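Undergrad: Here my numbering = 1-based position in the sequence shown + 120.
Quick caveat, the hints were computed from the structure, so don't treat them as lab data. Any given hint could turn out to be false.
[What the hints assert, rightly or not] DSS-like cross-link-like pairs, simulated, lysine-lysine; straight-line CA separation at most 27 Å:
#1 Lys469 to Lys518
#2 Lys715 to Lys668
#3 Lys469 to Lys495
#4 Lys672 to Lys711
#5 Lys360 to Lys488
#6 Lys275 to Lys218
#7 Lys275 to Lys256
#8 Lys488 to Lys469
#9 Lys495 to Lys518
#10 Lys569 to Lys495
[What the hints assert, rightly or not] Cβ-Cβ distance ranges computed for the label pairs, FRET-style:
#11 Asn183 to Leu124: 34 to 44 Å
#12 Ala671 to Gly536: 52 to 62 Å
#13 Ala237 to Glu189: 47 to 57 Å
#14 Leu252 to Glu351: 26 to 36 Å
#15 Leu252 to Asp344: 32 to 42 Å
#16 Leu264 to Glu189: 43 to 53 Å
#17 Val176 to Ala206: 50 to 60 Å
Quick caveat, the model's predicted, so the values are computed rather than measured. No residue lacks a Cβ here, since even glycine has one placed at the ideal position from N, Cα and C.
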Amino acid sequence: NNTLNVDGLTDLNAGLNVNNASPTNLSGTLDVDGATDLNNTLNVDGLTDLNAGLNVNNASPTNLTGTLEVDGMTDLNADLTVNNMAATYLTGTLDVDKATNLNSTLTVDGGTDLNAALTVNNMAATYLTGTLDVDKATNLNSTLTVDGATELNDKLEVDGTTDLNASLTVDGATNLNSTLTVVNDADFNADVEIDGELTVNDDLNFNGQVTINGGVSGGQSSYDSYQLRVEGGNQGVAIKANDWDKSSNFISFYTGSTMRGRIEAQDFQNLQNSFEYGWINAMSAVDEALVIAEGIACGAQLDLAEAAVMIAEGIAVATEWIEWITNSENNVGVSYQSGSGDYAEWLEKANLAEVFRAGDIVAVSNGKISKQTAKGDHYMVVSLSPIVLGNMPPEAEKANYEMVAFMGQVPVRVLGPVNAGDYILPSGNNDGIGRAVAREQMQIDEYQKIVGVAWTGSQSAGVNLINLAIGLNVNDLAIQLKKQEEELKALHSQVEDILAYLESGGQKPQPSATPEVQTQPETPVTPAAITASSSFFSAARADALLQKIEAKPEIFEQAITQIRSAIEARGVEIDQVPGWQEMLGGVEGYKAYIKAH
């Protein structure tokens, strides 16, 4: 019932039972040479040293409520399960020889070194909230989806096709060493430099200025010499400006910073001030004057029916010019502006060895030019820089041709003093030089050799370079016809005086206050009589005129009024000439006259 003290060894050859749940206190070492079975809890208040293995059998759990410190290696032959969401801290390296399965998040606060491949299976997403630094090449075998901004500080090499479904913003220079194919719209907000060829298979829209600094060169007849080439399609280049007035230039031509020419919009005022409009109007007046003057001046040889046809032809001529002018005014287009002032064509040399220079007067015969001016159909001038140049020969034959001005203003070489307004004629020396003749000194046979009219003058006795208006002197023939008309009237009056003298038996007749011009016998001329005398309109001509009248009667009405005014201005009383009143009374009378003839 009390304490058992044993000073020596105690051998127990059988079991030691401590009953009634009484504690057993050992103040010294407990050495157990055999297995020790504990059927209940083993409480150790102090340190426990295990000099050999600790086996926990029967898959029994081991619960550690405190820290487990292992100074040596720890071999786990089965799973290591850390429950209750408890953290596991490894202050050293974690070496895993086999696959590691993480069923939840892997959080790494420090650097992570992967000495081999990182494979993310099952199409699982990989999220990086920070920077991904890759020192070596990165191979992506499938799609790379980047929801945010992507910054590349060095080259991006893409060996296959790259599809961009949204905008590509490039702040710096972009070099494309091969083809760039853009299937849909592309917006470039800064400079784009392309060292190679750019092929665009769809529309290309530029909202800013386009400058082409082409480096090609070559002859003008070579297609490869031109900086901008437009190929294909049925049409060429279309230019649309916001405003339509003469301040709108569709195309401008520069040498350095100096404009040499332009194609500009033409308004109504600009049209009326243009050279061509004025020239066409002048030619209209010329043709009308020639037709009417011919009918009046030659009245001594023509009967009334013939004179009437002259007037009818005058109406047709006037109508054609009025129609041209009306169409021009209703359809004002563009104006070709240049420092050059003449219209020219390439004309072949009659003698290929003959040498010409700008300003030479040439004779044109059967479309070929020569300085031999004794004979020629027309007389023109070799142009220096025409605004319009037609009839371009093949490049290989260009040496056989010269640019020859046929209308406008052109410099011409003239020997001796010249006054503005003088006629310029060939010198007659077959040297390409002209001579000046004042209007009042012109002879009738010289009119056919007029080259043009001097618009500038010089008092030098040598060779002068004169600004010549060429192609504008046709009305001078009408002036000569007017002079012939007056001379014919005077001659007619003299003949009548002589006849009267002879009929009076030699008695001198009383001079009349004004010379009377004997006209044709005032026999009433009926449409039937006119028709009987001759047929002046072919069926085709009559049909063409009638079709024009039906199409645009207002233009013919204007022409009839114009012709009537021109005839009355010459002192002819239309009411006194049978048939004319009907013809010049309006469109219907004119139509009736055409049908009758």
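Undergrad: Just pull the numbers of the violated hints for me, sorted ascending.
TA: Structure breaks hints 5, 6, 13, 14, 15, 17.
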